[in-house]
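> Put chain B on the given structure of chain A with help from the hints.
From first to last, the protein sequence lines are chains A and B. Counting from 855, one number per residue, gives the positions in the first sequence under the numbering used here. Counting from 22, one number per residue, gives the positions in the second sequence under the numbering used here.
Hints are supplied without guarantee of correctness; some may be wrong.
[As the list claims (entries may be wrong)] Keeping only pairs whose Cα atoms sit at most 25 Å apart, straight-line, the calculated DMTMM-like set for lysine to aspartate or glutamate is:
1) Lys221/B x Glu881/A
2) Lys221/B x Glu969/A
3) Lys920/A x Asp188/B
4) Lys873/A x Asp188/B
5) Lys224/B x Asp931/A
[What the hints assert, rightly or not] Facing chain A, from chain B, some residues (calculated, C-beta under 8 Å):
6) Asn183
7) Pro184
8) Gln189
9) Pro200
10) Gln217
11) Leu262
Read the hints as simulated data drawn from the structure, not as lab findings. Beta carbons are placed, not taken as given, at the ideal position from N, Cα and C, and that holds for glycine.
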Amino acid sequence: MSTIPGLSRPTPVPNDLTKPFWDACNERRLVLQNCTACERLNYPPTQRCSQCASPDNFEWKEVEGKGHIDVFFVIRDSRIRGFRDAQPVNFAVITLDQDPGINFLSNLPGTPSGEVPVGAPVELIFEETSTGQLVHEWRVIT
Amino acid sequence: MTSDTSWMRNREGAGIWEHRGKVAIVGWGQSHMDRRWDGVSLDRSCGGLTKEACLKAISDAGLSLDDIDGLITSPETRAEQTWAPRPYFDPPYDTEDGLTKASAEWIQRELGLKNVKYLKSDAPYIGPMMGQAAQAVGDGLCETALVWYPMVNLEGRYGHNNPQNIDQQAPGASAFTLPWGYQNGAMFNNLVVFQQYCQKYGKTHDGLAPLCLNLRRNGLLTPWSYYSLFEPYQLTREDYLNGRVIEEPLVIYDCDRPINTCAAFIFTTAERAKNLRQKPVYVLNHAQNNGTGRSTMATLEEHQDAVASLARKMWEGSGLGPEDVDIFNPYDGYLTFTQQFLEGFQWHGVKWGEAHDFYADDIRVEGPHPFLSSGGNNGTGRNRSVLFSDSIEQLRGTAGARQVTVKAETALAGCNTPDSCGFLMMSKYPS
Numbered sequence: 855m856s857t858i859p860g861l862s863r864p865t866p867v868p869n870d871l872t873k874p875f876w877d878a879c880n881e882r883r884l885v886l887q888n889c890t891a892c893e894r895l896n897y898p899p900t901q902r903c904s905q906c907a908s909p910d911n912f913e914w915k916e917v918e919g920k921g922h923i924d925v926f927f928v929i930r931d932s933r934i935r936g937f938r939d940a941q942p943v944n945f946a947v948i949t950l951d952q953d954p955g956i957n958f959l960s961n962l963p964g965t966p967s968g969e970v971p972v973g974a975p976v977e978l979i980f981e982e983t984s985t986g987q988l989v990h991e992w993r994v995i996t
Numbered sequence: 022m023t024s025d026t027s028w029m030r031n032r033e034g035a036g037i038w039e040h041r042g043k044v045a046i047v048g049w050g051q052s053h054m055d056r057r058w059d060g061v062s063l064d065r066s067c068g069g070l071t072k073e074a075c076l077k078a079i080s081d082a083g084l085s086l087d088d089i090d091g092l093i094t095s096p097e098t099r100a101e102q103t104w105a106p107r108p109y110f111d112p113p114y115d116t117e118d119g120l121t122k123a124s125a126e127w128i129q130r131e132l133g134l135k136n137v138k139y140l141k142s143d144a145p146y147i148g149p150m151m152g153q154a155a156q157a158v159g160d161g162l163c164e165t166a167l168v169w170y171p172m173v174n175l176e177g178r179y180g181h182n183n184p185q186n187i188d189q190q191a192p193g194a195s196a197f198t199l200p201w202g203y204q205n206g207a208m209f210n211n212l213v214v215f216q217q218y219c220q221k222y223g224k225t226h227d228g229l230a231p232l233c234l235n236l237r238r239n240g241l242l243t244p245w246s247y248y249s250l251f252e253p254y255q256l257t258r259e260d261y262l263n264g265r266v267i268e269e270p271l272v273i274y275d276c277d278r279p280i281n282t283c284a285a286f287i288f289t290t291a292e293r294a295k296n297l298r299q300k301p302v303y304v305l306n307h308a309q310n311n312g313t314g315r316s317t318m319a320t321l322e323e324h325q326d327a328v329a330s331l332a333r334k335m336w337e338g339s340g341l342g343p344e345d346v347d348i349f350n351p352y353d354g355y356l357t358f359t360q361q362f363l364e365g366f367q368w369h370g371v372k373w374g375e376a377h378d379f380y381a382d383d384i385r386v387e388g389p390h391p392f393l394s395s396g397g398n399n400g401t402g403r404n405r406s407v408l409f410s411d412s413i414e415q416l417r418g419t420a421g422a423r424q425v426t427v428k429a430e431t432a433l434a435g436c437n438t439p440d441s442c443g444f445l446m447m448s449k450y451p452s
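This is chain A alone, in the form it adopts within the complex:
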């Protein structure tokens, strides 16, 4: 379960497209689609490369779990049931160091809500959801 008190994350449901990504998460690895023609990472997964539009040149590539906090705000009145008991909750955007055009969402476990060090480096962690499926999360490097 999440290390954020009261938080019950909705659980990802893998499909044909996203199963390799979620399987890798369960192995505590972060893999992204990489278009070998464009040499460009792609996240979230899509059927076609957003640059060359081809579906044929994707491979799964493991990336280093290092990033930085771009911006954040604080969820105080969520419409999502699983978040309502955890409020206030950080909602941050993380850019991937390997390619800052790729961004991830994070609730920054371990960082008190509203006390987010914008621009700080973060590292990849994983949190368990109710089905046991792991999801990728980010933690401020202290």
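The following block gives chain B in isolation, referenced to the frame of chain A:
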């Protein structure tokens, strides 16, 4: 968004719009407005309000029911839930069609429209829908189109009845957003972009206060608005700054208020418009954006690129430029994104990063920079149609207490968000 986008002007390089000045808006009707449908009053259901708005628009144009040969509407009524499984009523209120939506077929039947040859019930939301209506008339699919856009609000907290927000599973694309609390709709990504904007330009959330207060003021100058009808008092800066926090720093006053209402418009050919009751408001161009960002969250740079592209498409198709736009009514559903339109279209010379300074200047309707003279959705309730109806009224010279004192010969209006929207350029003159 509708699946057929072939009619859209969503790419640069399309040149002057082929129907520039040959299509006109000649009628507008606004129904009564409530905070919510009470679930009992059938004349205040979606169908009831739509009939009211349509009949008003037809009357406003000086037309008869037999003049209507095109019907265009959007299914996006924003009803967060359906009426069922509660009991339905007697016909024609025996299905969702009539209660929480009003299709072209339903309106054709209920109004007894005998000469309709073009029906479209799956148009996109109102921004692009207005462009689609203009294109349909220009292309000759119909001569006189009745176009309507209902907004539905039922009982319950908005968004809390959305199945996705209740379910503990995140299928498909939502698997990459929902587990971190991302909510569908315009709020979250545009708040991310707003935070990036503030970071880049050294701005803060309180810079939106003058816009919010002026929108409420303009809304109170609109007799049919939600606030005129139900909460007829002006907000103060303190009210705004102390507003209930939704997602910090976003407060309740940054969000347009869901309401229950409908607006209708009549589009026809410039030729047909000549002898009708109202001064025609000519359409000079329509343009759309339907792009997405590269990654999970679209960024400020991507939104700025999108709006800059939208502006180029609008200038290219209309033959006008930033200095030619008198009335400007971009969407304000969340105040956090309105500035992108202001800066992207460079209205009154506003450049990237300057919107908050512009808001702090004189943006009253009687002043030199009457931005969002409509009062927007923040000032009138979330109907979205006011962006267009105020533009029409300003060009007709019938906006009453909201009538601007500067020149009002052209108007630009549209919604929804910078990366997904449709805008319409209107003019008192066909060229």
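> Decide, hint by hint, whether the structure agrees.
Going down the list of hints, with the structure as the test:
| no. | hint | result |
| --- | --- | --- |
| 1 | Lys221/B x Glu881/A | 38 Å, violated |
| 2 | Lys221/B x Glu969/A | 20 Å, holds |
| 3 | Lys920/A x Asp188/B | 31 Å, violated |
| 4 | Lys873/A x Asp188/B | 20 Å, holds |
| 5 | Lys224/B x Asp931/A | 24 Å, holds |
| 6 | Asn183 | 7 Å, holds |
| 7 | Pro184 | 11 Å, violated |
| 8 | Gln189 | 5 Å, holds |
| 9 | Pro200 | 4 Å, holds |
| 10 | Gln217 | 5 Å, holds |
| 11 | Leu262 | 16 Å, violated |
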